[in-house]
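**Student:** Residue numbers (our numbering), protein chains in the order written: chain A, 24 to 144; chain V, 14 to 247.
List time: in silico BS3-like cross-link candidates among lysine-lysine, alpha-carbon distance up to 30 Å: (1) V/Lys212 - V/Lys15; (2) A/Lys141 - V/Lys27; (3) V/Lys27 - A/Lys134.
Listing some non-contacts, in silico: residues in chain V with all C-beta distances to chain A over 10 Å: (4) Glu26; (5) Asn55; (6) Gly58; (7) Pro77; (8) Gln104; (9) Ile106; (10) Lys112; (11) Ile152; (12) Ile156; (13) Gly167; (14) Lys173; (15) Asn200; (16) Met205; (17) Ala227.
No lab work stands behind these hints, which were simulated from the structure alone. All C-beta atoms in this analysis are idealised placements derived from N, C-alpha and C, irrespective of residue type, glycine included.
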Amino acid sequence: MGMGIKLKIISIIVTLVFVFFVFKFIKKSKIRPSSAILWLTVCAFLLSIPVFEKYYQFISLHLFGMVHTIHFIYIGLIVFLLIYSFYLTIQLNKVSDRVQFLITHTAINEKEIRELKKNEN
Amino acid sequence: MKILVAVIAYNEEKNIANTLDDLARNNCGYDIVVIDNGSSDNTHGICEKLGVPYLRHCINTGSPYGTVRSYFDYAGKYNYDIICQFDGDGQHIASELPKIIDPVKNNVADFVIGSRFLQKKGFKSSFLRRIGINLFSFINSSITGRKISDTTSGFKAYGKNVIDYFYKTYKNEIYDINQILLLSFFNGARIMEVPIVMKAREHGASEFNFFRSAAFPVKGLINIMGCLLQGKAR
Chain A
24 MGMGIKLKII SIIVTLVFVF FVFKFIKKSK IRPSSAILWL TVCAFLLSIP
74 VFEKYYQFIS LHLFGMVHTI HFIYIGLIVF LLIYSFYLTI QLNKVSDRVQ
124 FLITHTAINE KEIRELKKNE N
Chain V
14 MKILVAVIAY NEEKNIANTL DDLARNNCGY DIVVIDNGSS DNTHGICEKL
64 GVPYLRHCIN TGSPYGTVRS YFDYAGKYNY DIICQFDGDG QHIASELPKI
114 IDPVKNNVAD FVIGSRFLQK KGFKSSFLRR IGINLFSFIN SSITGRKISD
164 TTSGFKAYGK NVIDYFYKTY KNEIYDINQI LLLSFFNGAR IMEVPIVMKA
214 REHGASEFNF FRSAAFPVKG LINIMGCLLQ GKAR
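Using the sequences and the hints given, assemble the complete structure.
**Tutor:** Written as structure tokens, this is what we have:
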């Protein structure tokens, strides 16, 4: 079963709004352009759904045996988000390791500087 | 033998002077360093005034375990043979330090826990926290094959091999009390418990509020499972 015209329009509008925000955050330097590539790819995928609906219907039905294309797309997006969340958890833990290391070594270095200054005086 | 007593402090301006005074009066030849975990009060100012060395975290590490990383790295860098963890809230008693230092000094143990529960004296802990403590003690005793009654005690001594392991080998984040115990055990540390007495804190509140105390057993259990996986991977 295909998407209705209303759903197609909503999908395109939501994607364009998302693209707008991605560009806005790049402009404000809140997202690194390299990180934005991923989200722009997601936008391109979302835009391609109403445009290439027939191809998705074919893949959905013949490769995965799903009658409803929209379910295929939902599952695809959920799998993508799960993988990406897992990747972010790994990155977050790496950052956390580094933050603890930096706090510790800043404190040790600061103590050494303080003592050197005292000895100079 | 170089011995370091690391005094852990977070917003302890009302307690730290008494704690340091107690340590000075009962000092048996060890160095002292205060680890100030990003206090917003004058904890570091009091240390400065008393002439006690201190490491000041530029921000709070979000949990007390960031201070553990600091004292292991400090002790590793300055080549200490033994470190003792001592709370800056006045709950620990300096005259009890030899009880945890001596087993490490005499090469009987590498990781000594001062347990509040081996004798029926002194301050124990809140009811909610004791649920977690008993649960972890049971699990950790089963894993290590040693009776551990007070996994979460902050009164501990570590020997050279534990210091070197956390300074040179394990560079990742330290985030849990069970993690320190189990990773040390998997690294070959001999674990021992000795009875100690603890006092209730005189001023201020513990970093463990109701929600932290409630989440503590759940997070701890997951962390224990993680440590078992890491231990098996070694």
